[in-house]
Amino acid sequence: MKILVTAKRVEDPESKIKVKPDGSGIVQEGLKYKINPFDEIGVEEGLRLVAKHQGEVVVVSIGGKEVQEQLRHALAMGAQRAVWVNHTGPLDQLGIAGLLQKVVEKEKPDLVILGKQSIDDDQNQVGQYLAEFLGWGQATFASKVESMESEQEKNKVPAIVVSGDGKSVQVIREVDNGLATVECQLPAVVTTDLRLNQPRYASLPGIMKAKSKPIEELTPATLGVDVTPAIQVLKMSSPPPRKAGIKVADVPTLVEKLHNEAKVV
Amino acid sequence: MPIVLIVAEQQPDGNLRKATLNAITAGQQLAEKAGAELHIALLGKDPSKVADELKGYGAKAVHVGAAPELEHYLAETYAPAIAALAQELKADYVAMASTAQGKDLLPRVAGRLRAAMATDVMAINGSGADITFTRPMWAGNVFAEVKLSTPVKVLSLRATEFSPAAGGQGAAEVKAFSPKVEATKTKFVDFKEVKSARPELTEARVVISGGRGTKGDFKEIEALADDLGAAVGASRAVCDAGWVPNDLQVGQTGKVVAPALYIAAGISGAIQHLAGMKSSKTIVAINKDPEAPIFQVADYGMVADLFKVLPELRAELAKLK
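Top line first, the protein sequences correspond to chains A and B.
Numbering follows numbering that gives the first Met the number 0, in which position 245 of the first sequence is assigned residue number 244; successive positions increment by one, without gaps.
Numbering follows numbering that gives the first Met the number 0, in which position 79 of the second sequence is assigned residue number 78; successive positions increment by one, without gaps.
Next comes chain A alone, as it looks inside the complex (with noise of 0.2 Å):
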């Protein structure tokens, strides 16, 4: 089994993300990085999915060379190998499922595994755009029945089934009010929500063996991928502050408060 997964790069989802004064975009200064959350999500199911039935997990990142950051921390992590497609500057969704359906169509996987949403756009869209370029069947938001402290979870089981004849994947969903679950025939575009799956820590060997792992470079150039943005970001803003509460002492007071000052009970 051939399963590409992503690993964009995105801000530390624990740093304090501050506003520009001139609303041109986020202070970049003292900010770590990290491969989003939803990714490495999705990384982690590979290797499981791979550990299980054989096969390859190709990870793929775009942007400038520091995103080489999060490919080789998805190679420590036990990919295979890696695509870098080289781009600087603004990207919107359309451009990057432009771009990602490129490297799907020369890397021919049978299963991509996408986070649900990156935590910096929080679009999430990549995915579903995918598959539609593709003509491929979607199943977003995968999750598991399991908790994150169960035995299969503590067993790295994939909560992805492959059917016995390798064909199709089931996967279940979580959705409004419940789980579904879906079939797709492979190849398909899953995305990942979080309850999918713990992710593991690059082990020490992990890391070193991950320095002469292969990153293969493309541009969206090479690719023939238009990546002018159709969604231009005209400004930003820090959300307006909520007024400052106060502390009470006991019960009483919290219900009267609640009761003559707010008026909500």
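Among the clues, some could well be false.
Stated by the list, open to error - Capping the alpha-carbon separation at 30 Å, the derived lysine-lysine pairs in DSBU-like fashion look like this: (1) A:Lys64 with B:Lys59; (2) A:Lys212 with A:Lys31; (3) B:Lys48 with B:Lys214; (4) A:Lys153 with B:Lys146; (5) A:Lys15 with B:Lys214; (6) A:Lys51 with A:Lys105; (7) B:Lys184 with B:Lys146; (8) B:Lys186 with A:Lys155; (9) B:Lys287 with A:Lys256; (10) A:Lys208 with A:Lys31; (11) A:Lys107 with A:Lys64; (12) B:Lys48 with B:Lys59; (13) B:Lys307 with A:Lys262; (14) B:Lys59 with A:Lys262; (15) A:Lys234 with B:Lys280; (16) B:Lys146 with A:Lys234; (17) B:Lys32 with B:Lys59; (18) B:Lys17 with B:Lys287; (19) B:Lys44 with A:Lys166; (20) A:Lys256 with B:Lys214; (21) B:Lys184 with A:Lys105.
No lab work stands behind these hints, which were simulated from the structure alone.
Fit chain B to the supplied structure of chain A, relying on the hints for placement.
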């Protein structure tokens, strides 16, 4: 005249998903600003009952596409039908509520229409050809004003930012159309509903959420919720641990709620959680840790043990009745 097409959503039980009404309000605002006509699309096996319900919201027409293949929602069956309808109507905007279905479906529709899309639109700015949208980025730490430059524009609408549309606004024409049905590579297997007698999290007037501080014991939270007719929510940690169903998660990647009253019990307040509840009208935080970030957004904070506070709160609230 430009056309705004709002896609209505049905719940698995066949009823209209209430967030559709919030999306219709956004559609009305957009139509007014763009000088456009509002149309509504509805798909399903036999959605005639819901179609009638949608007549009174000021739309020019409700387009109903019925086909046996549309019984269970799948992006692969719904997207070609919506995209073909949008092309036939020459729609300029295609939008729906930012529900799980909206997020799954709309980018696939946008892909077919080669349209740019904005997710979780919170406000519509400007007018005519200069319309822009405000949407959250970085877990709501940044509000971005974006402009889409493709001929067709696709939007998912954050329901909590638009009030539900009121009915009784004219009588839209209900028009049947034959939805474009394509062979799919995905099939529906089953849907396991999380049944609850409590109100839907995104629609409740009061939400009581529990975090790691509950240690998985939601009894007091549920009892208070039942007293107040409230919905129960949870932080990510609690859902990850399998203590409560995933469907209850409030946050950047879970549900976004904006109730009149949000009570956070034993929740520290990671930015990802705050992203899902910061717009609530009144926020109460109960946490043993005085440094917990949840206190920064709380109108009323109590540094105390939730297991002591919640029973007392129930008793004190009962006195009001």
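Evaluation of the provided hints:
1. The hinted pair formed by A:Lys64 and B:Lys59 fails the criterion: a straight-line CA distance of about 52 Å is larger than 30 Å.
2. About 24 Å separates the Cα atoms of A:Lys212 and A:Lys31, which keeps this hinted pair within 30 Å; it holds.
3. Taken as a hint, the B:Lys48 and B:Lys214 pair is broken in the structure, with Cα atoms around 44 Å apart against an allowance of 30 Å.
4. This hinted pair does not check out: A:Lys153 and B:Lys146 have alpha carbons roughly 45 Å apart, beyond 30 Å.
5. About 28 Å separates the Cα atoms of A:Lys15 and B:Lys214, which keeps this hinted pair within 30 Å; it holds.
6. Distance restraint check for A:Lys51 and A:Lys105: the Cα-Cα separation of roughly 25 Å lies within the 30 Å cut-off, and the hinted pair is therefore satisfied.
7. At most 30 Å may separate the alpha-carbon atoms for a hinted pair to count; B:Lys184 and B:Lys146 exceed this at roughly 34 Å.
8. Proposed proximity of B:Lys186 and A:Lys155 is supported: the alpha carbons are some 27 Å apart, at most 30 Å.
9. Annotation: proposed proximity of B:Lys287 to A:Lys256 holds, straight-line Cα distance about 20 Å (limit 30 Å).
10. Proposed proximity of A:Lys208 and A:Lys31 is supported: the alpha carbons are some 24 Å apart, at most 30 Å.
11. With a C-alpha separation of about 25 Å, the suggested pair A:Lys107 and A:Lys64 falls inside the 30 Å cut-off, and the hint holds.
12. A C-alpha spacing of about 18 Å is found between B:Lys48 and B:Lys59, which places the hinted pair at or below 30 Å, so the restraint holds.
13. Distance restraint check for B:Lys307 and A:Lys262: the Cα-Cα separation of roughly 24 Å lies within the 30 Å cut-off, and the hinted pair is therefore satisfied.
14. Restraint check for B:Lys59 and A:Lys262: not satisfied, since their Cα atoms lie roughly 40 Å apart, outside the 30 Å limit.
15. Under the criterion of a C-alpha separation no larger than 30 Å, the hint pairing A:Lys234 with B:Lys280 is consistent with the structure, at around 26 Å.
16. A distance of roughly 10 Å separates the Cα atoms of B:Lys146 and A:Lys234; the hinted pair therefore holds under the 30 Å criterion.
17. Straight-line distance between C-alpha atoms of B:Lys32 and B:Lys59 comes to about 16 Å, which keeps the hinted pair within the 30 Å bound.
18. This hinted pair does not check out: B:Lys17 and B:Lys287 have alpha carbons roughly 36 Å apart, beyond 30 Å.
19. For the proposed pair B:Lys44 and A:Lys166, the alpha carbon gap of about 29 Å is at most 30 Å, so the pair holds.
20. For the proposed pair A:Lys256 and B:Lys214, the alpha carbon gap of about 28 Å is at most 30 Å, so the pair holds.
21. Pair hint B:Lys184 plus A:Lys105 holds up; C-alpha atoms about 21 Å apart against a cutoff of 30 Å.
When each numbered hint is compared with the structure, violations occur for hints 1, 3, 4, 7, 14, 18.
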